[in-house]
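Order-wise, the sequence lines are chains A and B.
This note's numbering puts the first residue of the first sequence at 163, with every later residue one more than the last.
This note's numbering puts the first residue of the second sequence at 102, with every later residue one more than the last.
Hints in this document: simulated from the structure, not taken from any laboratory.
Here the structure is a predicted model, which is why all the values come from computation and not from measurement.
Glycine is no exception: its CB is placed at the ideal position from the N, C-alpha and C atoms.
There's no promise every hint is true.
Not everything, but these chain B residues come out facing chain A in the computed CB check (under 7 Å) [stated by the list, open to error]: (1) 188; (2) 225; (3) 569.
Partial selection, computed: residues in chain A whose CB lies under 8 Å from chain B [to be verified]: (4) 171; (5) 174; (6) 176; (7) 186; (8) 189; (9) 195; (10) 197; (11) 200; (12) 203; (13) 206; (14) 211; (15) 222; (16) 223; (17) 226; (18) 227; (19) 230.
Below, a list of computed lysine to any residue pairs in the SDA-like style, where the Cα atoms sit at most 20 Å apart [as the list claims (entries may be wrong)]: (20) 229/B to 169/A; (21) 229/B to 220/A; (22) 229/B to 221/A; (23) 229/B to 184/A; (24) 443/B to 220/A; (25) 229/B to 218/A; (26) 443/B to 218/A; (27) 322/B to 155/B; (28) 229/B to 178/A; (29) 443/B to 168/A; (30) 443/B to 171/A; (31) 166/A to 230/B; (32) 387/B to 369/B; (33) 387/B to 348/B.
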Amino acid sequence: MSTKTNALLRVCRFYYEGFRSMTLGRTLWLIILLKLAIMFLVLRLFFFQPVLEGLSEQEKQEAVGRELLR
Amino acid sequence: MMIQPYLIDVALVDWSRAQFALTACYHWLFVPLTLGLAVVMGVMETLYVIRKDDFWKRTAQFWMRLFGINFAIGVATGIILEFEFGTNWSNYSWLVGDIFGAPLAIEGIVAFFMEATFIAVMFFGWNKVSRRFHLASTWLTGIGATLSAWWILVANSWMQHPVGMVFNPETVRHEMVDFWAVAFQGVAVTKFFHTVMSGWMTGAVFAVGVSCWYLLQGRHKRMALASIRVACAIGLFATLAVIYTGDRSGIEIARHQPMKLAAAEGLRQGGEGAAFSIVPGVEVPKLLSFLATHNPEGFVPGINDLLNGYSHHGETHLSATEKMERGRQAVEAFGRLRANLKTDPEAAAEARRQFDKNVAYFGYGYITHPDELVPNIPIVYWSFRVMVGAGMALLLVLILVLWHERRGRLERQRWLLHLGVWSILLVYAAGQAGWIVAEVGRQPWAIQDMLPVGAAVSQLETASVQTTFVIFALLFTALLAAEIRIMCRAIHQGPEEKGE
């Protein structure tokens with residue numbers, strides 16, 4: 163148990179120290195987070211609702227079947 | 102039974118296609134550099150581990166920093182394509198769910214676990230993990246990105262040549278019956294190596310271009326010359342591999358997408374011993390036949406042959422009108438099957454028989470005029486020439502740069518150094534043109550012969566697609582501007598120098 167905890171702590175420390183020592187990486191992370199926020203909080207929520215979302219498998223089959231027979 | 106022509110909103114289809122093309126083109130600015138720089142930095146670090154010379158460590162770290170910038174700004178740009186599948190191409194997404202589900206799920210898992218794990222070790226692990234473990238992490242980061250590309254390209258290849266599946270009209274889905282046929286069909290294997298090698302070319306030419314810039318500036322000479330040696334070797338290998346896989350790709354296209362080949366050549370009337378068009382009015386006799394069939398007298402059908410139908414070696418190829426008629430029968434049977442599925446099993450069974458008879462032409466049932474089966478010839482024709490011309494020019498540049506470097510006189514060839522820098526634009530032009538040939542050339546098909554884009558698209562308001570097109574154009578342009586700015590700053594700053 164203590165070996166596992168130590169390994170986990172070492173991994174956490176590895177990432178913590180890695181992120182702390184970043185220079186250019188901070189700017190890049192900012193860009194990544196900004197981009198993901200625009201993609202998931204703006205584009206996905208307001209512009210890209212999947213057309214078939216919320217339908218059951220049967221309803222999806224019927225909806226696409228109807229579309230293909232317009 | 103009279104069948105009404107399928108109603109297609111052309112503006113909606115065009116805007117949806119334009120939006121997808123815009124997203125894919127921008128996405129493809131980032132991906133090839135990731136694939137290529139992964140190899141460049143991997144080789145540099147391997148040299149460091151073998152030679153135990155800190156110079157190679159600093160060189161590897163410099164290219165790694167540029168890799169990191171490109172990776173960070175490009176990461177997740179592909180997710181937008183998946184948004185578009187669900188929203189703009191919902192019919193298509195449902196139809197291909199079984200085929201795309203497995204490759205894209207594997208891609209997601211592989212990409213997440215391999216790249217996310219090893220990229221952290223690569224950037225944070227210097228002096229914290231052993232040299233060999235760090236080196237393995239660097240290579241595994243590149244391998245993770247390459248495996249990601251594999252599954253995406255498997256999915257793309259399936260659209261170009263759908264195999265290993267059956268279309269089930271009851272579930273309205275293509276259902277996978279042979280995973281291995283989907284994953285390892287010739288089109289997928291060829292496309293994977295062609296695409297990944299073009300990525301290696303991009304990384305190599307980028308490294309050569311940046312190094313040439315340093316030589317023009319008189320800075321970081323040792324690193325620049327060493328990088329040029331490594332990058333030229335990678336670039337030459339990759340260019341030759343691209344030429345070889347391009348040849349294989351020509352054979353596959355001639356076999357499975359003859360209209361794309363005819364459009365890429367602007368070949369109206371085909372025949373045996375077909376000439377290859379260098380540019381309009383300049384032709385090489387028999388070369389097209391050789392490239393398409395590996396036989397200088399081989400038969401290559403032209404656009405008119407494909408539209409009007411033709412016979413060759415006793416094999417009859419149907420005209421577009423005949424295919425459209427059979428396609429309409431398939432669509433009509435599909436409608437009858439679905440209408441009778443729950444109420445009249447006998448009528449449904451009869452409809453199923455009719456459907457199965459003509460299912461190979463199902464997509465033609467949505468085509469209203471044979472001309473719709475011809476892709477935009479000028480775009481495909483000229484894109485093909487840009488791709489091949491730029492590729493050949495890059496091969497020449499790499500040979501010249503390496504030749505002069507080996508003789509120790511590269512720094513004096515300032516014209517060549519300038520050419521090396523501008524080659525960065527050329528390699529991107531080649532890559533983009535290649536995808537234009539592949540994707541515009543297969544129009545009108547979202548899935549070859551099975552589903553045209555007009556039937557694949559979701560019925561949305563055209564204005565909403567236009568709005569998101571503009572949003573994407575702005576977002577991606579901002580990301581590209583950020584990439585160029587940060588990249589230029591990092592290049593200007595240069596590698597860490599110690600005692601050079």
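Exercise. So which of the earlier hints does this model not fit?
Worked result: Hint check: 4, 5, 9, 12, 21, 22, 25, 29, 30 fail, others pass.
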